[in-house]
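Student: Please model the complete structure; the sequences and the hints are all you need to start from.
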Amino acid sequence: MASSNSLHFSTQQIHAGVEPDPVTGAILTPIYQSTTYVQESIDKYLSKGYSYSRSGNPTVRALENKLTVLEGGVECRAFSSGMAATTATMMALLNAGDHAIISDVAYGGTFRLATMILPRFGVEFTFADTSNPDAVRASLRDNTRLIFTETPANPTLKLTDIAAISEIARERSIPHAVDNTFLTPYYQRPLEMGADLSIHSTTKYFDGHNATVGGAVISATKELDEAIKFVQNTTGSIMSPQVAWLTMQGCKTLSVRMDAQSANAMAIAEYLEGHAKVERVCYPGLASFEQIQLAREQATGFGAIAWFEVKGGTRAGKQLMDSLNLWSLAENLGSVESLVTHPVTMTHADVDAAERKRVGITDGLVRLSVGLEAVEDLIADLEQGLAKL
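Okay, so the sequence shown: first residue is 1 according to the working numbering, each after it adds one.
Treat the hints with care, as some may be off.
[Stated by the list, open to error] In silico DSBU-like cross-links for lysine-lysine, where the CA-CA straight-line distance does not exceed 35 Å: (1) K252 - K311; (2) K311 - K277; (3) K388 - K318; (4) K277 - K222; (5) K252 - K277.
Honestly, the hints are just simulated from the structure, not real lab data. Computed from a predicted structure; not experimentally measured.
Tutor: Structural data, given as structure tokens:
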């Protein structure tokens with residue numbers, strides 16, 4: 001096969017990191033469902049690369065190789081969940097007495113990790129408005145050892161200028177980790193903009209079919225990867241072979257799904273923006289999006305997540321969600337099925353109400369993860385729900 005660097009993304013997502021099985025010629029990487037690996041001799045221990053599946057597995061390795069190429073990194077480690085990937089990153093880079101800066105709008109699981117778990121081990125966190133580089137600079141301390149950003153942020157879609165924050169991190173020799181789940185490397189490549197780590201919940205767009213739970217960390221340097229790998233092995237948080245295999249199948253259609261779902265999201269956002277019963281709509285592709293210029297400069301697509309508020313507040317929003325038929329009321333995002341979520345009740349329930357209000361996660365916010373259904377059908381379902389308000 002040609003050098004992966006010379007191939008388009010849509011080709012890489014199919015072929016990168018995998019080869020036909022050397023024994024049978026099977027075009028798909030086998031699922032190596034094995035706990036342990038027989039060694040030829042003491043002197044040849046690890047000569048084939050594997051000893052125990054907590055430390056490494058051929059199926060998982062194939063996925064890691066693929067994601068390394070897709071993100072343009074040096075190495076990748078696949079995890080049992082996106083939160084396992086985030087946790088491993090923080091455990092690898094932070095010690096007791098250290099301080100980290102995190103985007104003030106972040107996934108609820110990241111918020112819980114930073115406020116309820118790691119402080120018990122002597123790690124301090126500041127939630128800063130990472131869309132404002134000056135706010136990040138003001139949050140730096142002598143003991144700051146990590147800047148962790150989420151862009152677009154969940155669920156508000158606020159953007160962080162990856163290059164600008166990476167420059168701040170570089171000035172202080174601090175790693176900058178970016179949660180790239182919402183856009184994937186197909187639309188956004190943090191490592192090329194100076195970030196040191198790109199983190200994913202592979203559960204979302206890489207899988208794309210609501211079939212698996214997984215995560216990944218792609219590193220820009222061998223040194224960072226070794227630290228991540230050590231935590232992955234020690235804590236036993238590696239991805240399972242079955243999940244890795246299914247995720248590889250999802251990767252093969254990533255670009256096609258992302259483009260189609262993003263087109264659907266744009267059409268739905270435009271529909272909602274013109275609806276008399278909708279108070280406001282947020283989608284990075286809309287001209288009304290406050291950071292539209294950064295959205296265009298930093299990414300090649302706008303993604304398939306949008307949110308809106310209906311007139312009538314929380315009561316009306318809940319009534320709408322309960323009235324929908326085609327949209328499924330469920331957590332998760334990025335799947336071919338369209339999902340509707342109430343963050344205050346579901347994904348961000350553990351975030352303090354005052355903090356939610358401060359960062360724009362209102363009680364009436366309705367998050368949409370737009371899928372692959374016919375956009376006319378998705379709009380019709382929203383229309384019938386809005387008509388009941």
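Student: Of the numbered hints stated previously, which ones are contradicted by the structure, given in increasing order?
Tutor: Hints 1, 4, 5 contradicted; others consistent.
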